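Student: Let the hints inform the model, and build the full structure from the sequences given.
Protein chains in written order, with UniProt numbering: chain U, 1 to 240; chain F, 1 to 240; chain D, 1 to 240; chain W, 1 to 240; chain P, 1 to 240; chain V, 1 to 240.
Derived from the structure by calculation, the hints contain no laboratory data. Do not rely on the hints blindly, as some may be mistaken.
As the list claims (entries may be wrong) - Only pairs whose alpha carbons sit at most 30 Å apart, straight line, appear in this in silico DSSO-like list of lysine-lysine:
#1 U/LYS84 x P/LYS84
#2 V/LYS84 x P/LYS84
#3 W/LYS224 x P/LYS170
#4 D/LYS56 x V/LYS84
#5 U/LYS224 x F/LYS224
#6 U/LYS17 x W/LYS17
#7 W/LYS170 x P/LYS224
#8 F/LYS170 x U/LYS158
#9 W/LYS84 x V/LYS84
#10 U/LYS224 x F/LYS225
#11 V/LYS225 x D/LYS224
#12 U/LYS170 x F/LYS224
#13 P/LYS84 x F/LYS84
#14 U/LYS84 x W/LYS84
#15 P/LYS84 x D/LYS84
#16 U/LYS84 x F/LYS56
#17 P/LYS17 x V/LYS224
#18 P/LYS225 x W/LYS224
What the hints assert, rightly or not - Simulated restraints on C-beta separations:
#19 F/LEU217 x D/GLN236: 53 to 59 Å
#20 D/GLN236 x V/ALA209: 26 to 32 Å
#21 W/GLN196 x P/SER6: 28 to 34 Å
It should be emphasised that the depicted structure is a prediction, and the values quoted were computed from it without experimental measurement. We put the CB at the ideal spot given by N, CA and C, even for glycine.
6 protein chains.
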Amino acid sequence: MVSRPSGRASDAMREVKITRNYTCHAEGSVLVEFGNTKVICTASVDASVPRFLRGKNQGWVTAEYGMLPRSTGSRMGREAARGKQSGRTQEIQRLIGRSLRAAVDMQALGEHTIQIDCDVIQADGGTRTASITGACVALVDAIRWMQREKMIKGDPLKQMISSISVGVYKGMPVLDLDYPEGSTAETDMNVVMTDQGGFIEVQGTAEGAPYTQEELLAMLELAKKGCTELFEMQQQALAE
Amino acid sequence: MVSRPSGRASDAMREVKITRNYTCHAEGSVLVEFGNTKVICTASVDASVPRFLRGKNQGWVTAEYGMLPRSTGSRMGREAARGKQSGRTQEIQRLIGRSLRAAVDMQALGEHTIQIDCDVIQADGGTRTASITGACVALVDAIRWMQREKMIKGDPLKQMISSISVGVYKGMPVLDLDYPEGSTAETDMNVVMTDQGGFIEVQGTAEGAPYTQEELLAMLELAKKGCTELFEMQQQALAE
Amino acid sequence: MVSRPSGRASDAMREVKITRNYTCHAEGSVLVEFGNTKVICTASVDASVPRFLRGKNQGWVTAEYGMLPRSTGSRMGREAARGKQSGRTQEIQRLIGRSLRAAVDMQALGEHTIQIDCDVIQADGGTRTASITGACVALVDAIRWMQREKMIKGDPLKQMISSISVGVYKGMPVLDLDYPEGSTAETDMNVVMTDQGGFIEVQGTAEGAPYTQEELLAMLELAKKGCTELFEMQQQALAE
Amino acid sequence: MVSRPSGRASDAMREVKITRNYTCHAEGSVLVEFGNTKVICTASVDASVPRFLRGKNQGWVTAEYGMLPRSTGSRMGREAARGKQSGRTQEIQRLIGRSLRAAVDMQALGEHTIQIDCDVIQADGGTRTASITGACVALVDAIRWMQREKMIKGDPLKQMISSISVGVYKGMPVLDLDYPEGSTAETDMNVVMTDQGGFIEVQGTAEGAPYTQEELLAMLELAKKGCTELFEMQQQALAE
Amino acid sequence: MVSRPSGRASDAMREVKITRNYTCHAEGSVLVEFGNTKVICTASVDASVPRFLRGKNQGWVTAEYGMLPRSTGSRMGREAARGKQSGRTQEIQRLIGRSLRAAVDMQALGEHTIQIDCDVIQADGGTRTASITGACVALVDAIRWMQREKMIKGDPLKQMISSISVGVYKGMPVLDLDYPEGSTAETDMNVVMTDQGGFIEVQGTAEGAPYTQEELLAMLELAKKGCTELFEMQQQALAE
Amino acid sequence: MVSRPSGRASDAMREVKITRNYTCHAEGSVLVEFGNTKVICTASVDASVPRFLRGKNQGWVTAEYGMLPRSTGSRMGREAARGKQSGRTQEIQRLIGRSLRAAVDMQALGEHTIQIDCDVIQADGGTRTASITGACVALVDAIRWMQREKMIKGDPLKQMISSISVGVYKGMPVLDLDYPEGSTAETDMNVVMTDQGGFIEVQGTAEGAPYTQEELLAMLELAKKGCTELFEMQQQALAE
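Tutor: Take a look at the structure:
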């Protein structure tokens, strides 16, 4: 039996914490922690929409992602100083935006934009899945704020979204890879789900050997288990 | 029964053509056509490696992707003129590079880099999957050139790689989406496989409604069928 | 008697081919070949004009130029990846735009822009002159399309434009330099003419020794001969 | 008597908290809070020096500064996405670097660089002074880490540095301006001091009316009082 | 007694010359010389305001600063070629703009922008203080031009502004540092004053040892003396 | 008979002044004036060569060009602030560099680079031809400096270079166009010559109607006359 570096069971997630109202200015502000991975997720409401949507009577949700330079083991160059976002950063923020748009009825949102910002202050693997999971809570807080402010009438929230990583580590399908696992796993898969059990994104990459259909199915089972637990934690956080 | 805009059966690919030696300078140069989608794929051999690999006695494969401004129905801005590659471009070229690295034994390649360039001259959906499929043939030609030039001794080619898109169109799983289908499909999935049946990448995105596990499995079956056909066409092209 | 690397007579052009409707989306799309130099020229119609022309009741023609990274003997960096167009690229695209504007009556074009894109897929010298010659045919196709679409009433085409390079190679004035000649010629001159025999541009650069007025006149004679032949080929292509 | 928006006495600072080891990867990591202003300050040790110092047998301290997009009342554009740091950002990070270099004996530091990163997660005025004050504690932690790791022998710490803002608000000199004060004050002055009472930087700007020498002297007295209190808090934090 | 490299007394400025109408196109154009430091200062009038001021019935003054590449002892890279302005450049141009805005009543200026450009053609220390002093004269000329053109009715000039550097050189407070002094001085302070004796900016930086309050006061006295002399020279130049 | 806006005869140049040692730091520094066009040309000696020439035992000459923002009738944006040089700027600086390389024997220059900077402080047409003419004098001064400093033994100066613009204005060939002529001329041609009567560059552009061979020849005659006069003025300046 393979043992994980963290000692966790193959289907065990790290401890997850979701802290609402973490900073004071944003309409939604959440600190999400997946073990040592810590991300500040804010949702900002803007009373306008991007040019391509003007006059279409609908809203938009978009996202940006960043890492503090020393959120990682060795310091990364600051993207603002280098003058461009890396391909990895752009890929992740496109994923976050696409995932959260699945949570929202754009007609019901009206001509407003909710801008998500996910900033990693400490990284230990799974920053994109933590970002999506935390940002969905910030998004709900921003929507509730809009309702209190009478900016919208109905409820644009269609469903909750959560995300978890799974992978194949030394031949064993595992849930919620931390950095030591993720950097050596044969396969790394990020899954985004709805709280009704549908898939929004499945992105599985063989880093070493190709993976089989059996491994793919085993990873999907783990992801479903993980997302189910995350939906509960989101609800607990929102109930506080 | 849903009918596809192209009239194709749900499991039918478009006509695929692979033309080797399409341009004269590159060590490998292929024009790949998936119906109206046409991509020039070149493989260029460079007798050095990126800084992070120097002295490690291994090679590298990397890729860049671009579209001619008027490869599309309405003209896109030229990325060179705007001064940056879009997030989509970066995402695609990262995928192509990752996929083709799975074809190569980096130790056997020695301290050389094979640079893949995929430039779309006409687009009708599926440009990234056509790029991967065509670039793998260009890659083989570049490796054969290196062998003839005595730059390497063994054979760094581990396996062939091909790629196809699948999706759910009006509720029906379909193979090889063209632009009219891809722009309205509920789900779009790109699959990269090895000729031994393993998965290198599975990237499935719900554009509209979430997709179910049954749909996911049906799409994977279609992708396997498509990749199998593509491996045959690659072999025919390489045999000429 | 000096012999040219290609074995051509001093006043002989390479084989020229002009293929219309080379790609399917653009209003005008031409593959132009001057021997091994191959350029895709498209003309795209846009129903607006740049800011500095708004409300002036006239149109505009502008051009962009690029080379595929491996259109050349050794791979060039991709301009989109480096984040800027080189000085050479900008110089060439300014020349192409200026040359083609001489073909068009801007009042008759109305408030439309014709955007020319010249993308070199294989280079062997003379890419800018091939671009101008091919783009003029694409421009005519775009204008004819506008007439069929009833976007304009009259005919904004004033005259045809073609372009050829001439030079002094080992003391001998020669027509239509290919890459081996152009990289060693003492003088390289690009000439753009109208089909009525006027000059639009003469750009002659001494790469080695200065050139004399006699050499200049000899080069101009060759250029006139070359442009005359190119006007015939443009007409043949347009007649098909 | 003028009353401050916060109700504080004219010579009263906001509550200051300095939390060491706030994140886990950096050699020094501090969360500094001046009331609602919260900044993560990390100090990263790098075993090299910038090019202009190579071979000079001395070290370097440099700094970068950033704000999370929603650290402020209305969302600011992300500098990494815009592709450049603002003039304000550059001015602040130059000030932070210059100030902290005054704390360090560069010869004793040897050929190492300490990179300071100050990232504002919540802003309410005084972010640059909080950054300097917090970063000095992170710097000490990084130096202590280098000593434990035997990277250096002696102690490169020459003196502690702290910084506070002062200003003239409705004619009254005040200490430690928060955002509502700073945005309406006639004069805003940032002072950086050593724990031996010397001045490292005095930067006083009249936003409205010019200030007199008397006002300048009154502000300096307040700054001395503030810095003295900050040095005590730094020592308490370092003693924990 | 310490002697200055230039042989000047500690409170002696270099020879200052202010030449109006130095170039012919700008509404105000001044060559200012502080010894060997020579700066062309122009003031350009634009009949619009930046976006953030539109409709507010007030004007704006802003500034840009540059150095010719060989204005200095060894050639500096050209900022336009490198594609960005350095932090130092941005800091200086922000200072110039802020200083000159103190000279102008923005309501009286109406919806106009005065754009200041300070370009150093020869540098020998003190370029920012010479820029501010010279630009204020160009600003007056631009305002007088606007009055003659009937663009404004009243007089938006509130007060004159001048600027001088002071420092501590080998322990001695000195006025108007040239490059040899400035590059070795322990402290460098730039002071911007109004002709009514108020302070607009005081920016004092310890380059080596910290400075004491006594040194600060001595430097301020020198600065007052220097600015007083500069106001006289501005008036003489404006009287010509 | 057409009269020129300036009242000059068709073959009359504006008054030309060449002032050496205009600024004090550069090895060669010239203010060149063609009437109201004023350009500072400096030549800076660097004891290294660009990467592509290392180890080839030869030198290099390169050039950069800029315009002060208010050198023109209406203010141009500062290229350093916009973050890029325009196509026009790049075209001109490539022309200047190419022209001056014709003056120098690169082997005799040894492994040194002479960097030319041409900065327009006042523009009235013909800035590129004035730049080339003035920069050649600065180049000679830099070469003489290198000889005095014993950096080189022989004399790398092969020949003098000068440049003038000619054109067709209202049907009349004219010499040395100023801005009012240049902006309305049908044809604008820049000619670069050697003092032995050879052509380095001929760049003739039809802005309106195409030009005939007769006009081309007439313009060349005028250019020869102009360059001959410029060579005399260069020699007078160098003799002082």
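Student: For each hint, tell me whether it holds in the structure or not.
Tutor: To see whether the hints hold, each was checked on the structure:
Of the pairs offered as hints, the one joining U/LYS84 and P/LYS84 holds, with about 13 Å between alpha carbons and a cut-off of 30 Å not exceeded. Distance hint between V/LYS84 and P/LYS84 is fulfilled; the C-alpha atoms sit about 8 Å from each other, no more than 30 Å. Among the hinted pairs, W/LYS224 with P/LYS170 is consistent with the structure: their alpha-carbon atoms are about 25 Å apart, no more than 30 Å. Taking the CA atoms of D/LYS56 and V/LYS84, the gap is about 29 Å. The hint holds against a cut of 30 Å.
About 24 Å separates the Cα atoms of U/LYS224 and F/LYS224, which keeps this hinted pair within 30 Å; it holds. Our distance criterion of 30 Å between C-alpha atoms is met by U/LYS17 and W/LYS17, whose separation comes to about 24 Å. For the suggested pair W/LYS170 and P/LYS224, the alpha carbons sit about 25 Å apart, so the restraint of at most 30 Å is met. Between F/LYS170 and U/LYS158 the CA atoms are separated by roughly 21 Å; this keeps the pair inside 30 Å, and the hint holds.
Under the criterion of a C-alpha separation no larger than 30 Å, the hint pairing W/LYS84 with V/LYS84 is consistent with the structure, at around 13 Å. Restraint check for U/LYS224 and F/LYS225: satisfied, since their Cα atoms lie roughly 27 Å apart, inside the 30 Å limit. A distance of roughly 27 Å separates the Cα atoms of V/LYS225 and D/LYS224; the hinted pair therefore holds under the 30 Å criterion. At most 30 Å may separate the alpha-carbon atoms for a hinted pair to count; U/LYS170 and F/LYS224 meet this at roughly 25 Å.
Using a Cα cut-off of 30 Å, the hinted pair P/LYS84 and F/LYS84 holds, with the two alpha carbons roughly 16 Å apart. Only pairs whose Cα atoms come within 30 Å are accepted, and U/LYS84 paired with W/LYS84 is accepted, the gap being roughly 8 Å. Restraint check for P/LYS84 and D/LYS84: satisfied, since their Cα atoms lie roughly 13 Å apart, inside the 30 Å limit. At roughly 29 Å between alpha-carbon atoms, U/LYS84 and F/LYS56 fall within 30 Å of each other, so this suggested pair holds.
About 42 Å separates the Cα atoms of P/LYS17 and V/LYS224, which puts this hinted pair outside 30 Å; it is violated. Distance restraint check for P/LYS225 and W/LYS224: the Cα-Cα separation of roughly 27 Å lies within the 30 Å cut-off, and the hinted pair is therefore satisfied. A hinted range of 53 to 59 Å holds for the C-beta pair F/LEU217 and D/GLN236, which are about 57 Å apart. Between D/GLN236 and V/ALA209 the C-beta distance comes to about 28 Å, which sits within the given range of 26 to 32 Å.
Checked against the hint of 28 to 34 Å, the C-beta distance between W/GLN196 and P/SER6 comes to roughly 32 Å, which is consistent with it.
Consistency note: the structure conflicts with earlier hint 17 alone.
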